[in-house]
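Novice: Residue numbers (our numbering), protein chains in the order written: chain R, 120 to 308; chain H, 4 to 308.
Misleading hints may appear alongside valid ones.
Computed cross-link-like contacts, DSS-like style, restricted to lysine-lysine with a CA-CA straight-line distance of at most 30 Å [said to hold, decoys possible]: (1) H:202 - H:247; (2) H:288 - R:286; (3) R:262 - R:220; (4) R:224 - R:286; (5) H:247 - R:262; (6) H:275 - R:204; (7) R:204 - H:288; (8) H:270 - R:286; (9) R:250 - R:220; (10) R:220 - H:275.
These aren't lab readings, by the way, just hints derived from the structure by calculation.
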Amino acid sequence: MQTSKERELRHMRMLLWGWVLMLMTTSLGRAQNNNPVVEAHAVMATDAAHADSPVKLAVLAQVAAGYHINDHKPSLDYLIATELKVDPSEQFTVKNVIYPKGTPKRFAFSDVPLSVYEGTVVVGALLQAGKVMPAGIYTLKAKFAYQACNDHACLPPASVPLTVSIKIVPRNVPLKPVESDVFQRIQFE
Amino acid sequence: MEEQTPIENTPQASKAPESSPQETPMALRAKLLAGALLAVVMVVGLYYINHYWIAPAVRAQTKSNGSHPLAPAFSLTDITGKPLKLSDYQGKVVVLDFWATWCGPCRIEIPGFIEMQKRYAAQGFTMIGISMDESPEPVVEFYKELQMNYPVAIGNDRLGELYGVMQGYPTTFVIGRDGRIYAKHVGAYDSGVFEAEIKELLAAGAADETQDFHQAGQIFADDKVELGNPAAIDSEVPGVDLTKLTADQKEAYKKGLEGQQCTCGCKFSLLKCRRVDRNCATSRKLAQDQLEAFLKDKSSGVTAK
């Protein structure tokens with residue numbers, strides 16, 4: 120039977136080899152990948168909404184490892200900004216779109232650090248539901264537009280289409296919060 | 004039989020020390036640090052092995068074996084309004100650069116290309132830039148700002164697909180006097196890499212394929228020249244060559260694509276995704292796989308042309 124010391128050493132060895140393996144694959148070359156560089160989906164802050172009331176949405180985008188997309192306010196004027204574009208809708212008005220703060224990173228092609236998004240990117244949207252909206256399911260379309268680069272090349276500008284189903288319920292029906300951990304990260308006005 | 008002394012009573016056993024609680028964490032930390040240092044040494048070692056041993060061996064294997072493809076022809080209008088045809092440069096060494104003004108790595112290569120044009124034009128060399136910007140205005144502005152001295156035209160998706168520009172920008176092709184592509188580089192490179200290749204090709208004859216070409220710089224899987232198939236590019240299902248199908252088979256195949264959703268996140272059918280987003284690698288692969296399955300499917304009751 121292994122002692123706790125032996126188990127710890129074995130665990131450390133496994134971690135070490137895992138790390139070496141990971142570094143080896145990144146140092147020996149680049150791999151082609153047919154998976155999308157950015158995936159995104161939208162969620163609501165509550166399970167439904169009321170007419171003539173604010174509606175909070177969040178778009179969660181996942182940027183593939185090794186890639187970055189530009190801040191909504193790019194550090195250089197020629198860079199293409201990340202943007203959430205909500206299609207015009209008769210039922211919903213966009214009041215505000217809240218973008219996260221980017222991470223400054225240095226790149227060989229720039230003298231200054233650039234503000235970029237990596238990993239999970241959470242963008243908030245504050246909408247106002249129309250004054251008169253019978254109870255039912257309404258569809259809102261949007262696009263998460265971005266332009267991604269890795270450390271040596273840049274992909275063309277692209278976008279992820281988003282479809283959000285918003286359920287309108289009578290005012291006397293209470294709304295249940297959902298995805299609270301996501302919405303805590305967004306500073307809605 | 005000699006009676007064996009139980010281990011716990013041996014002098015060695017009684018002397019075996021137990022680690023004190025204070026020592027164990029430090030010993031573990033020391034081992035972790037040693038392991039981390041070993042990992043770093045291994046990675047650095049692997050880098051140098053790749054750089055000085057594997058990559059040169061690969062380069063030796065990239066000597067021409069008569070399989071350098073002809074660069075696809077194109078006819079565009081450059082941003083000054085003049086015609087730009089690749090065929091007009093037959094007999095010259097050409098570096099063809101797919102780039103964009105919104106691409107940082109692309110922009111840092113341009114000054115080097117300007118110098119290359121100055122240095123080698125008289126010897127039969129030319130740079131050509133194909134901008135993949137959506138509109139000419141930022142390209143014209145950049146062209147003037149940097150005083151670019153070689154022809155630049157606005158490209159299009161079809162030309163990019165013909166050249167197999169899939170991994171992003173910049174993607175640069177080095178074309179010999181015989182009109183064949185000898186090297187492809189994805190990402191920004193120091194101009195010294197291109198100059199080494201240009202000099203080699205300038206020294207070669209115009210008519211025959213260069214037999215002993217060495218691609219310079221680090222070689223990656225992305226740098227393999229894989230030209231697009233015009234039949235697939237111009238197909239009703241962009242990216243999929245349908246020439247092996249009869250008219251009825253095409254309709255059945257397209258119907259099949261309409262019934263499947265693309266997994267790139269667009270929520271479109273495969274057919275719609277192919278048509279609205281030719282660059283979607285996910286729908287391209289899925290549609291190509293579907294075609295192979297369709298051609299193999301005997302239960303469809305149809306046979307290919």
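Novice: So which of the earlier hints does this model not fit?
Specialist: Violated: hints 1, 2, 4, 5, 9, 10.
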